[in-house]
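J.: Heads up: the sequence lines are chains A and B, in that order.
Be aware that the first sequence starts at 29, since it is given in the working numbering, and climbs by one per residue.
Be aware that the second sequence starts at 29, since it is given in the working numbering, and climbs by one per residue.
Certain hints may be false.
[Said to hold, decoys possible] Mimicking DSSO-like on lysine-lysine, the simulated pairs with C-alpha atoms at most 27 angstroms apart in a straight line are:
| hint | chain 1 | residue 1 | chain 2 | residue 2 |
| --- | --- | --- | --- | --- |
| 1 | B | 192 | A | 154 |
| 2 | A | 125 | B | 127 |
| 3 | A | 192 | B | 192 |
[Unchecked claim] Listed below are several chain B residues computed to face chain A (Cβ distance under 8 angstroms; list not exhaustive):
| hint | residue |
| --- | --- |
| 4 | 68 |
| 5 | 127 |
| 6 | 128 |
| 7 | 130 |
| 8 | 138 |
| 9 | 142 |
| 10 | 144 |
| 11 | 173 |
| 12 | 182 |
| 13 | 189 |
| 14 | 196 |
| 15 | 201 |
| 16 | 212 |
These are calculated hints, taken from the structure and not from any lab test.
Ideal placement from N, C-alpha and C gives every residue a C-beta, glycine not left out.
Number of protein chains: 2
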Amino acid sequence: MNHYIGLVHHPIVDKRGTTVTTSVTNLDIHDIARSARTFGFEGYFIITPVVKQHELVQTILDHWNTDHGNQYNPDRKDALSFIRLADSIEIAKEKIKEKEGLEPIVVVTGANSQEFNGTTQELRNKLQVDKRPMLLLFGTGWGLHASVTNSADFKLEPLFGAAKDGYNHLSVRSAVAIYCDRLRRSL
Amino acid sequence: MNHYIGLVHHPIVDKRGTTVTTSVTNLDIHDIARSARTFGFEGYFIITPVVKQHELVQTILDHWNTDHGNQYNPDRKDALSFIRLADSIEIAKEKIKEKEGLEPIVVVTGANSQEFNGTTQELRNKLQVDKRPMLLLFGTGWGLHASVTNSADFKLEPLFGAAKDGYNHLSVRSAVAIYCDRLRRSL
Chain A
29 MNHYIGLVHH PIVDKRGTTV TTSVTNLDIH DIARSARTFG FEGYFIITPV VKQHELVQTI
89 LDHWNTDHGN QYNPDRKDAL SFIRLADSIE IAKEKIKEKE GLEPIVVVTG ANSQEFNGTT
149 QELRNKLQVD KRPMLLLFGT GWGLHASVTN SADFKLEPLF GAAKDGYNHL SVRSAVAIYC
209 DRLRRSL
Chain B
29 MNHYIGLVHH PIVDKRGTTV TTSVTNLDIH DIARSARTFG FEGYFIITPV VKQHELVQTI
89 LDHWNTDHGN QYNPDRKDAL SFIRLADSIE IAKEKIKEKE GLEPIVVVTG ANSQEFNGTT
149 QELRNKLQVD KRPMLLLFGT GWGLHASVTN SADFKLEPLF GAAKDGYNHL SVRSAVAIYC
209 DRLRRSL
């Protein structure tokens, strides 16, 4: 079964809880694509409604594909087909359904969630039983808007740190890598 | 027992195996500091012999500490003391010994290693038996020079991916996050 990662730039909340749209960054495209590919995901959706951001991503991908100065670039291999753009989570879901013939299970992550449905192991069990593709969503900024987490099929356990003072502020790139590793060891 | 992460910029190898010095990047400082702090490490050494790079890092840290526009910035809290600069691995080791009163165990990681000493679980056992601080080193560029890996006390298992085509190119930021998570669940 094929699974997908989605990096959401809208709807996101800022630190006051206001709904915002965040910007796509070069390193989010780069690092998360590498993590997703390394851990066997079928594709990586960059989800933003902003047209200019789609153009930015396309420019970066085109650069990777014509980067003659760098004969071996781990980003180049099939980057164009692996990384996909979508205006919204709904559109990402439709694209997965077109490709796989099945409605994806939407899984959310987030350090903010007070309640969650299960661990990565339990998610794996669910995926094996349901036999559907997964769209694993990550938020940027201060996290996914409640409308996204509330309607998700599965809320994955947050990542618990080990700092004596409770410091727990992983970057989204780091969080993606950790969940990929935990899931791989389950999938 | 306190443990430390070190990001090595020299001696590093490039794709031809030539010894090089890589540049420090803003996001390596940022992401890895956050991962290290979240997972309970005592400090994070940025290891480079280049004076101008020390100045660059210092500028970035000063900016975090005077960033009035951003009232809550997870990077600010104690960034200056948590992130340390060192000209070399030897100097990082000396600084740890000064602080902890004990010689650190040097642990290396790297996708290139053909042979390794053990898993994260085995490393944990060793740390509990030896009761010494760990300096966990990560390479940049194409990896740590053999002189570093050969003299290390422990070579940690590489991260195995799950891509059907064997693609296995995690960014160093992602690799740090994964090892931190695996070790935390052992430490």
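J.: Run every hint past the structure and note whether it holds.
T.: Results of checking the hints against the structure:
no.: 1; hint: B/192 - A/154; verdict: holds, 22 angstroms
no.: 2; hint: A/125 - B/127; verdict: violated, 56 angstroms
no.: 3; hint: A/192 - B/192; verdict: violated, 40 angstroms
no.: 4; hint: 68; verdict: holds, 4 angstroms
no.: 5; hint: 127; verdict: violated, 16 angstroms
no.: 6; hint: 128; verdict: violated, 16 angstroms
no.: 7; hint: 130; verdict: violated, 19 angstroms
no.: 8; hint: 138; verdict: violated, 15 angstroms
no.: 9; hint: 142; verdict: violated, 19 angstroms
no.: 10; hint: 144; verdict: violated, 17 angstroms
no.: 11; hint: 173; verdict: violated, 19 angstroms
no.: 12; hint: 182; verdict: violated, 20 angstroms
no.: 13; hint: 189; verdict: holds, 4 angstroms
no.: 14; hint: 196; verdict: holds, 5 angstroms
no.: 15; hint: 201; verdict: holds, 6 angstroms
no.: 16; hint: 212; verdict: holds, 5 angstroms
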